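Asks: Those protein sequences? They're chains A and B, same order as listed. Yeah, the first sequence ends on 173 if you go by my numbering, and it's all consecutive. Yeah, the second sequence ends on 110 if you go by my numbering, and it's all consecutive.
None of these hints come from the bench; they were simulated from the model. Predicted model, so just to flag it, every value in this text is computed and none were measured. Idealized CB from N, CA, C, for every residue including glycine. One or more of the hints may lead you astray.
As the list claims (entries may be wrong) - Residues from chain B that face chain A, not an exhaustive set, calculated with beta carbons under 7 Å:
1. 1
2. 20
3. 51
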Amino acid sequence: MMAKLPDIIFLVSALVCVASAVAIVSRKNPVYSVVYMLPLFLGMTTIFVLLQATFLAAVQMIVYGGAILVLFLFVLMLINLKPEELRDDFSLVPRVLTTLGAAMLAGVIAVFARRGSTDGLHHAFARDVDAAFGSVGSLATPLFKELVVPFELASVLIVVAIVGAVLLAKKKV
Amino acid sequence: MFTLTNCLILAGIIFAAGVWGVIARRNVLIMLISIELMLNAVNLVFASFARTHAGLAQPPQAHAGETGQLFALFVIAVAAAEAAVGLAIILTIFRNRATVDTDDMQTLKQ
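Required output: the full structure, derived from the provided sequences and hints.
Replies: Right under this line is the structure:
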């Protein structure tokens with residue numbers, strides 16, 4: 001039973017991801033494209049947890065699902081769309097996809113919380129790893145030892161992006 | 001089913017969808033979302049290879065698996081910055097021209 005579980009979770013998440021990716025690029029109305037981003041991120045996060053990239057999964061959900069998605073929605077609100085484009089979809093499909101993705105994510109998180117790791121969830125990958133792989137602690141050591149300079153440069157990049165975005169979006173100087 | 005190959009195939013499909021969105025669509029917002037799609041597919045590749053090479057501890061690459069996941073984190077940081085600046089640019093264009101259609105942005109062509 002346990003050997004079959006990751007395959008099923010991966011298959012469902014992959015199908016959710018592919019369906020929402022195709023929907024994102026094929027919808028006429030950008031509002032629906034943004035709505036379809038949510039199941040995509042849920043499926044992606046599920047696969048990240050399966051790959052035991054747990055901190056990456058958390059960051060993915062916070063940054064993409066929490067920040068970028070809302071940013072896109074805010075900008076869509078500021079840009080007036082033609083009302084006739086709002087009727088080209090029925091809203092059941094995004095709900096079903098989002099529910100499926102959320103169910104898969106909840107499933108892997110439940111397994112993770114019970115066992116302390118997703119070990120046994122990824123038998124297909126060649127090498128077994130210790131339970132700490134992908135946690136904050138195991139990522140912090142190489143980040144602050146070998147990748148300190150890129151880390152600091154990333155913070156500079158984000159500051160520049162914030163200032164640039166504010167300058168660009170400000171109404172009149 | 002849940003193997004490295006299938007993870008890479010999934011990432012390839014998502015990346016291809018993003019490329020198609022950038023090339024074929026005319027809406028700037030959907031093009032920006034497609035770029036996010038492509039960056040996400042790259043993150044999936046990073047995470048898959050990180051899992052494959054986890055625990056590989058030869059001296060030149062002491063943290064092979066962790067480094068792969070950290071690369072994905074940097075990609076996420078760059079993607080967030082890119083989305084903020086890109087949306088600000090779209091907002092400015094819309095304010096000046098009242099359009100988000102790339103066919104209407106031809107100032108440099110004329």
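Asks: With reference to the structure, classify each hint as holding or not holding.
Replies: To see whether the hints hold, each was checked on the structure:
no. : hint : in the structure
1   : 1    : 4 Å, holds
2   : 20   : 6 Å, holds
3   : 51   : 4 Å, holds
Hint violations for this structure: none, all hints satisfied.
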